[in-house]
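Protein chains in written order, with the numbering used here: chain A, 2 to 321; chain B, 2 to 321.
In case anyone wonders, no lab produced these hints; they're calculated from the structure. The structure presented is a predicted model; accordingly, all values stated were derived computationally and were not measured. Do not take every clue at face value.
[Claimed, not checked] What follows is a list of derived Cβ distance ranges for each label pair:
1. B/R203 x A/G224: 28 to 36 Å
2. A/P235 x B/A298: 46 to 54 Å
3. A/D80 x B/G152: 15 to 23 Å
4. B/A298 x A/S40: 54 to 62 Å
For every residue, glycine included, the Cβ atom is placed at its ideal position computed from N, Cα and C.
2 protein chains.
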Amino acid sequence: MSKLSGGIDVGGTKMQAAVVSEEGKVIGQARRPTRTNASPKDVVHDLADAINAAVDDAGVEGSALTSVGIGWPGPVDTDAGVVTKAVHLPELRGFPLADTLSGDVGVPVRLGNDVQVATDAEFSLGAGRPYGSILGVFWGTGVGGGIVLDGRPWTGRGAAGEIGHVVVREGGRWCPCGRRGCLEAYAGRAAMEKRARRAMERGEHTILFEIMEERGRDRLTSGVWERALRHGDPLATRLMDRAVQALGTGIASALNVLDVEAVVIGGGLGVRLGEHYLERIDEAVMPHLFADDRPPAILVAELGDLGGAIGAAMLGHSAP
Amino acid sequence: MSKLSGGIDVGGTKMQAAVVSEEGKVIGQARRPTRTNASPKDVVHDLADAINAAVDDAGVEGSALTSVGIGWPGPVDTDAGVVTKAVHLPELRGFPLADTLSGDVGVPVRLGNDVQVATDAEFSLGAGRPYGSILGVFWGTGVGGGIVLDGRPWTGRGAAGEIGHVVVREGGRWCPCGRRGCLEAYAGRAAMEKRARRAMERGEHTILFEIMEERGRDRLTSGVWERALRHGDPLATRLMDRAVQALGTGIASALNVLDVEAVVIGGGLGVRLGEHYLERIDEAVMPHLFADDRPPAILVAELGDLGGAIGAAMLGHSAP
């Protein structure tokens, strides 16, 4: 039997766990909410709980796992297994998460950045398979990115691939990160929701928040955006047009630096909006692409919501 | 005696040749003008002539060279030794420059991109020595760039490092490349001169063109800009302030993607304006840098005008 590894993708709202074979096949999965302002102890408990639930779902013994990987939403020190920055869970900054969880689950634990491991998974098992170098763009609440060059992840000093903070307009809109003119200030779901809410408060008509309430949500999920766009909601359409424009510009800037073979677009909005929006992003990239005689492929992520957990599990498989 | 290699940095106006030891020491050099619209045959002749003059200057025999490297101002296919794009010398597009020149000079010839080889030289022998990964920014007529990651050049599919075409402002100024809002549209000497000329024609006072004529130049060289700035010329100051701002934004965007350890700034303007402007560029980078808790070093290129020729010669030294 193939070796099994557990992977957990830690998001702002949920933890997605999976049990994954060496070949990248998902044989069990589970979700747990991410508690806000949880203590390091709580986080370790919840991670172990999510992994155990995925092991149950797989119908194997806990002892079947040979390793666990974590995809963390922020910069990490992979070698030390320490969280470097923790926006959603501030108490975890500097916490030796890998070693502590390893004590709990009884196997080695490796820590990676969530979008980087999701990019690695798309490179090895998903849309990036045919290529040697890719840029992963994860378009959701924020806009994150990962890079694979010549088959190897490029993480810089731990914070490479921050495509959401490539500037698309000097002196432009304020970004949730506190800077101005970042791609994420135009295309991140959090920034778009803030802008939609203000427009509504100013009296602009939109069905975005009606759809949100109908669906029992308290924020504008990717599904809410998709539905409003399908109904031709003018505010949703305008904000999404601006987001697509910004994505095109930011991705083109990154491509002018990296000149990779392909761009894989994932994340909640990326996967939900899919092919049609991809073509529009492609069109928005072209006017700013320097080597426009051979544009890279622009593709939707194939592993969907599970890419992060699969990539996290692969961290364990590839551990020394 | 150390093996000797010839290197030629092909610029828009001149070819700089050097004879370089394996340790990177320059033992001879020569310059030749770059003829506009020269035929491939003329270019090969001029390159061979420049190399021979550098060999004479070194006081060695022509047969002392074991290889020759060329730093070409545009994308090249290094493996095939073929010019991919040739803006200044359009007839050379697709020309097998390496093999043809090799027939002339009797040693293997290797072809590389000019700013990439200059970046490699700064990495191995210049300001980048202490670091494992750098971004080279060559600020002159245009704004070019080169990348070294984990000690190895990253050239993508042949067009990586085009930092001059990172967008700093969507829908912004027209760039000489035909696109809008590129860094080079604000910071390239060609774009700055065009803008200065228009302002003067509109009646704005400036000493830029007086200095140019006094010096017997027909364009605004880096020396002309430096002098006008020293005299507090308001137009020169305003255009340079805007250039520094754009450089800060574009470099920060590239750093958010690459997260390298250091930025080395060379090129005519970079070397001429030096440390003081470097500090100002640094200040312009910071507001847009995502990992701003540990900014990379920002340094002036140490090899000056000869960096390109040295890097080109090193291409030969490192050839298989």
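Cross-check of the supplied hints:
1. B/R203 x A/G224: 28 to 36 Å: With Cβ atoms ~54 Å apart, the hint is violated.
2. A/P235 x B/A298: 46 to 54 Å: Holds, since A/P235 and B/A298 (Cβ atoms, about 49 Å apart) stay within the stated range.
3. A/D80 x B/G152: 15 to 23 Å: holds (18 Å)
4. B/A298 x A/S40: 54 to 62 Å: violated (37 Å)
Checked against the numbered hints given earlier, the structure breaks hints 1, 4 and satisfies all the rest.
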